Every structure is written in structure tokens, then in C-alpha cells.
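Chemist: In case you want the letters, here they are:
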Amino acid sequence: MGRDTESSKSGETAAGRLRTGDLLLQAHGITKRFGDILANDKVSIDLRAGEIHALLGENGAGKSTLVKILYGALEPNGGTLSWNGQQVAISSPAEARKLGIGMVFQHFSLFEALTVTENIALALPGRLSLRDLADKIRRVSADYGLPLDPGAIVADLPVGIRQRIEIVRCLLQEPKLIIMDEPTSVLTPQESDQLFETLKRLTDEGCAILYISHRLEEVQRICHHATIMRHGKVVMECDPALETPASLARMMVGADIKDITREASSATEGEDRLAIVDLSAPADGPFSVPLKSIHLQVKAGEVVAIAGIAGNGQGELFDVISGERLSDRADAVLIDGAPVGRKGINARRRAGAAYVPEERLGHGAVPGLKLSENIILTRHATRDGLVLSGFLDRGKAEELEKKLKADFDVRMSHDNPEARSLSGGNLQKFVVGRELDRNPGVLVINQPTWGVDAGAAASIRQQLIDLARAGSAVLVISQDLDEIFEIADRIAVISRGELSAAEAAEKMTRERIGLLMGGHAGEAGKAAEGRATHAA
Amino acid sequence: MDLAVAIIVTVVTAATPLLIAAIGELVVERSGVLNLGVEGMMVIGAVVAFATAQTTGDPYIGILGGIAAGAFLSLLFAVLTLTLVTNQVATGLALTLLGLGMSGAIGEGYVGIPGIKLQAIEIPLLSDIPFFGDILFKQDIIVYLSFALVAGVTWFLFRTRAGLTLRSVGDSQNSAHTLGIGVIRIRYLAVLFGGACAGLAGAQLSLAYTPQWVENMTAGRGWIALALVVFASWRPLRVIVGAYLFGAVTIGQLHAQALGFGIPSQFLSALPYLATMIVLVIISRDRRLTLVNTPASLGQPFVPDR
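Residue numbers (UniProt numbering), protein chains in the order written: chain C, 1 to 536; chain V, 1 to 306.
Honestly, the hints are just simulated from the structure, not real lab data.
Keep in mind it's a predicted model, so treat the numbers as computed, not measured.
One or more hints might be untrue.
Pairwise CB distance ranges, derived in the manner of DEER restraints [to be verified]:
1. 509(C) / 289(V): 40 to 50 Å
2. 124(C) / 289(V): 23 to 33 Å
3. 503(C) / 289(V): 37 to 47 Å
4. 283(C) / 83(V): 41 to 51 Å
5. 105(V) / 361(C): 45 to 55 Å
6. 255(C) / 83(V): 45 to 55 Å
7. 124(C) / 112(V): 53 to 63 Å
8. 367(C) / 93(V): 17 to 27 Å
9. 61(V) / 283(C): 54 to 64 Å
10. 359(C) / 105(V): 43 to 53 Å
11. 18(C) / 290(V): 55 to 65 Å
12. 388(C) / 84(V): 36 to 46 Å
13. 152(V) / 147(C): 32 to 42 Å
In this text, a Cβ means the ideal position worked out from N, Cα and C, and glycines have one as well.
Start from the sequences, fold in the hints, and give me the full structure.
Modeler: Following this line, the structure appears as C-alpha cells:
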């Protein structure tokens, strides 16, 4: 193996296990152009029965484009596809499904207003009775250890369960090849393990799996073969079991990724810069989570992380801390000791706080506005001089935009573009940079590196740590445990609107966080005790 | 007793056009398209139905003419909004203005001519039932059609695969596209169905409700139908409640005006609108049900990337 130009150049060898499975899907020389950009440049990949094949690459490397072509959702400009040795044209997802290709999407392709059964029925061909299908769903999902309630409406279900629906929907199509785009990003460690069991069983049954993930440890653990893409091209193939996460990351980026450096925090005796005191908030919508008596202090100099599975109240908590939603009491949220619970987001910004919401396009930035205008949106009221007696100082905003572009390595095709034209990772660098540039005393950030590639993620994480060590308080809400362990001094876990006490990161384990995420505080406590006695 | 029956029969006649137009628009909106041109399609349906009936001497052919006219106007809307991706709100408003203007031009020679009234069809046996027989089973064909439509649409939307597909397109056009569902094709069909219904509703006005052609004779009923769909939270059975309530209060306030209770007539004229709104707001209090029933991609333009 290791039949690659670059690997021989750099002297890397990628010999590995012999690939014995039957060749199932072979893509050869796939090219896809969007305007001036070559998203896929003569990409070739072969997928074999019984194999979990990882597809790795940075944001914008062309993975999603390739996968959409394999699933018939995009038409390639050139190249051929063969299925079981026969050349085929996959012109629509329905065609792909007919061949036996199933896909589990990263951004859920579910219908929120419909039931689980209806969602699955829509992807299955032919006439079927919903009642029979419901029975089948119950049976198959339990059989694979991913139990589902067929009558539930998707809007009422947490993301972990939604992911399950996607997987079960795919399984019911009895596919020979399953494409999975970042399946574990919304799962607890336990749920991920369960998923890996399911994948193993599927490959034992002869199924092929194409697996996209940014979590390299995971890839190394479960994948049999890996194809690595960079700038639209395949640069490398290897056996991940013979690599380390660091070497995989190097192949993706084409350069070493700087290790994050983190000195121990000296924050134990620092003062509270952000304090949340007995904060409760009722659910403000049919699908929202009520917050129950939340206590949390973030001291000067430290990074505190809140772990949890999506949909457990993170968004609601962020809204109340940022002032998008007001609390009942002014003293429920304190910034540098000042009660701001009844004040809006601009007042809190003036008090020295900055906020980066989870959804960068639409919430963190207005898609149709230029970057300089998006800067004005969060900083017009912060005495940065962007507004003079009611008039916008566009020149100054454009200067700031150039500064952010340089300081935070935001890459763009032309100067000062609309926010929507930036790729996800670059936009994230921009929205984070916009707030960091203010040098805030308190920074609250929700999902700092969601969907951001390894290199950019490392730089964002380093900046968060640096900000804290310079004397600010940083509160990070994240679902990525690797990230949390990398940057947090203390960790709290949110589950169904309740927040566990924040504890020193060294005292937390993945297992314990996983139990807390699932709302098993008792067991988590026991696990901690068990470890303590064991250590003693 | 006879007076009560007579009044209730007029209520049914007043409610029927609203019910038909609203059930058609409900299907359109369930597929994620907002067609604000109901008023325009209705008025075109009314004038073309009247003209066809006059020319052929047959009100049933008139009905078909009304349906065809409404569907034709909706096809124009579909081409503009679905194929050329124009703004749905603006296009719908333009459609209403176009329909009102065109109907005036078409109907110029028909003003003041006595129309041909659709005859009631007595259904054997059922029409002999005291009271209900008189109200429900001695009506014209459009009233029967209106009930068949509600039953048919309910069955279609919630019991058939095609209906499920239509609802899925209205809920998330992108998910539907990813699954390989033909979003645009389904929306075309839904819009055409809505246009046909609006045309039929217009035909009822000029052939059954008041068999004559008067310019602008829809008098805002298309807008009421649009409002009914929203207030009924996109559920067919609630549209019946809304349409009949509106019809009942309309007729009731006419009688109240005749009796002269000393209430200002302007207030009484506004009453049907007020009452319908209040009742439908009250029945759609359950926010969760409303949210689940609201088509999430309503009014969003769809351009597939390929």
C-alpha cells in the first residue's frame, strides 16, 4: 500500500494490514468544480466489504463534496464510479439507496415535525404499512442496541436519539455500504462505544463503512484503513492502527500542529469574575429545557468547561448568562461582582463580558452582511469608537476587520466578504477573534471549535487559555471531551438543566463525565469513590 | 323551526367558499409554499365560472371553467416562484391584484345579467331526516364537494405516503432533497391544487351564493381563507370550525342588523372577523401542537445545489 507520491517523498511508509475484503465501490479520478474552486481534484478511493474506511482531512479539504458525490447528491464534473466492478452513474440519492449505499448525515436530515416512523418511511422505497414499519423499527433498533420509540416526534428528542434515528433508518435500508459523517460528535462516550459495537457487528456481517471524523483517537481505534485529503486531493493512504493521532493530524495538515501549552492555573485564590448564583429559568418554548438552581463561579485566570450532551440546557444557560434572556433576579448573574441579571447583552458587554454563541452563521454573524458590518453588530455599544453620535464609523470597522484577518488567520477569497462566503472554520476564527480582540474580562463561549479542523481548533484553544492566564475568566460550553480535557482547569457537567459542581480537571475521568452526562450522579459519585479507594 | 332551518342553510352557503379556498391553501402551505394570491384566483374563478355558465347555459360546465381559471392563475404563480424563484409574498400579492384587474375586464359585459343558479341535489333517504336532512342533504353539489374535499385532504395528508412526502417537503425542504424527494415537482402539484380549489370557491360565489357577477364580488374572502389556514394551525378539521363559525356570525349579524338592537352596524359587520380570530386563537393555545403542525419551510425559496 502507501501508493502515493507524497508519502514516498517524505519517506513515510504506510504499509499495513492486507486489505482482503471484496472491492465494493471504487471511485476513480473524481473531479468537482464549484465556480473557480476545485473541490475535488482527481480523487480516487476504493471501499471494501467488511472494512471501516476513514476519510480524513481539514475543513474544506473536499470530504463532504466527495461523500455527496458517492451518495448521488452532487454530480461530479469528471471521473468514474464502479459498484461491484460495474461502472455506474449515481444520479440521485434514491439511486444510491437502490444500489445499497446508505448515509448517516452530519447535519441531520430529519423532519422535526414528523414521527420517528414517518421519518424512516420517507427513506424506504415501495408501499409499506406504518404499523408494520413501527414494529420493525422497534425490533431492529433494540437488536442493534439503539432502542427507539417509533411514535415519538423528532422535535421532542435529544440529539443523541436523533442520531440513532439516522442510523436505524440507514440500517433498515439494508445497505452494503454505510457513509457516516461525524457520527460521534453529539454522543456521550458511552453512546460512542455502543455505536462502535454496532459498527463492528455490521462489518462482521460484510458491510463496508466510510467513516468521516475529526476525532483522530477514534479513527485510530476503530478504522481499518484511512484515506487522507488535503485541498481537494488525496494525499495519502494508510493503516491508522500503525499511526498515532499526531501523525494522522500531520498528514491532514501537511505540517506539525503546535501542541497546546498550558501552565497550571494559579486561580485558586483569584477573585470571581463571573458568578452564577442559584439561577433558575423555566422552559421558554415547547422544546426548551428548564434550568434548575445553577451555581457556578469562574475566577480570574482560569478556564472552566461545561460538558454535556447537546440539548441538556446549554443553549438556555448561554442565553441567560449572555443576557439574551433576562433572569428573574439581578443577582443571579454577577460580572466582577456587579449584578447584571436584569440587564441586556450590551450592558453586560460594557461590564467587560464577551459572548460567542454556538451557531456562528445566523446567530454569531449575519450571513448577508460584510465582516466589517458584523464587527459593528457586537461592538457598537462597547465604547470601541465604532459609533460616533449615532453614525457608524465604517472606516474604523474595516481597519478592525483587516486586523482580525491578520491576527487570527482568517482566510478569505477577497477582502471584507459577506459572512456567508467564509468556510465554517474560518468564520469560527472570525467570530472568536472579534470577541478576543476586545480583551474581555469574562468570555463565555459555546462550542468553540464545532466542525473546525485540528489546526484551527488548536489555535482557538490556545487563545482561550492565553486569555485566561492573562487574568480573564473563560467559560467554555462544549460537547467535545478531548477539547475539555485539553483546556479546562475545572469541569462541570450539565444534564437536563442541572449543573454538577465544577471540579478540578485532574479529578475528572471520561467515565465519570459520561455518567454525569447521562444524569447518573449517584453512580458517578461511586465511580469517583471507587477510584479514590483504589488509589489509596 | 322553518326559520331556523332557513338561517342555517344560508350559513352553510356562506361558509362553503371559505372552506374550499382554505382547504386548498392548506395543502399549498403544507408543502411549504405561501400563496397570497387566493383572493385573485377566487375572483377569476368567479367571473370565468359565470361567463362559462352563461355561454354554455350549463352551471356545471361553469364550475369546471372556474376551477380551470383558478388553476391557470396558480400555474403562473408556480412558474414564477418555484422555477424562477421570485419572492413568494410579493408574487402572491401581485397575483391578487392581477386577478382583480383581469376579472373586471373579463366580466365587463356580464354585469347586471341574472345568473344561472346551481340547483340543490336532494339525496334520497338522507334528505328525509327531519332538520338535518333539510340542512345537509338538500344542498348544491359544491357543498357536497366541500365536505368531500376536507375528508379527502385529511385522508391524503395523514394516511397516504404521498401526503407524508408532501408534509416532509413543507417541514424541511433540504432534508427532503437529501433523501431524493422531488421538492419542486411536489410543490407544483400542491400549488395547482390550491388554485383549483380557489377557482371552485369563486364559482360557488357566482353560481350559488349570489348567482350574478359583481366586480370584486369576493370581497376579501380570499384573505379570510388565508387567515383561517393559519389560525387553524394547518389542520383540516379546524378549518371547518373556522369557516362555519365565520359563516354563522356573518349571517347572525345580518339578522341582528335587520332587527336593529341599537348596536352600531359597523361593529356588527366587524363581528365575524373578531369572533373567528378569538375562537381560533383559543383553540390553538397548545403551542407544541401548533409548532409541530406549522410547515417549517413555509415561504422559503428552494434552490437545489447540484
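Chemist: Are the hints correct? Go through all of them and say.
Modeler: Against the structure, the hints:
1. 509(C) / 289(V): 40 to 50 Å: Since residue 509(C) and residue 289(V) have Cβ atoms about 43 Å apart, the given range 40 to 50 Å holds.
2. 124(C) / 289(V): 23 to 33 Å: Check passed, 27 Å falls within 23 to 33 Å.
3. 503(C) / 289(V): 37 to 47 Å: The hinted range 37 to 47 Å holds for residue 503(C) and residue 289(V), with Cβ atoms some 42 Å apart.
4. 283(C) / 83(V): 41 to 51 Å: Given range 41 to 51 Å: holds, Cβ gap about 42 Å.
5. 105(V) / 361(C): 45 to 55 Å: The hinted range 45 to 55 Å holds for residue 105(V) and residue 361(C), with Cβ atoms some 48 Å apart.
6. 255(C) / 83(V): 45 to 55 Å: holds (48 Å)
7. 124(C) / 112(V): 53 to 63 Å: Given about 60 Å between the Cβ atoms, the range holds.
8. 367(C) / 93(V): 17 to 27 Å: 26 Å Cβ-Cβ, so the 17 to 27 Å window holds.
9. 61(V) / 283(C): 54 to 64 Å: holds (57 Å)
10. 359(C) / 105(V): 43 to 53 Å: Since residue 359(C) and residue 105(V) have Cβ atoms about 51 Å apart, the given range 43 to 53 Å holds.
11. 18(C) / 290(V): 55 to 65 Å: holds (59 Å)
12. 388(C) / 84(V): 36 to 46 Å: Once the Cβ atoms are compared, 44 Å apart, the range 36 to 46 Å for residue 84(V) and residue 388(C) holds.
13. 152(V) / 147(C): 32 to 42 Å: About 37 Å separates the Cβ atoms of residue 152(V) and residue 147(C), which means 32 to 42 Å holds.
Violated hints are absent here; each numbered hint is respected by the structure.
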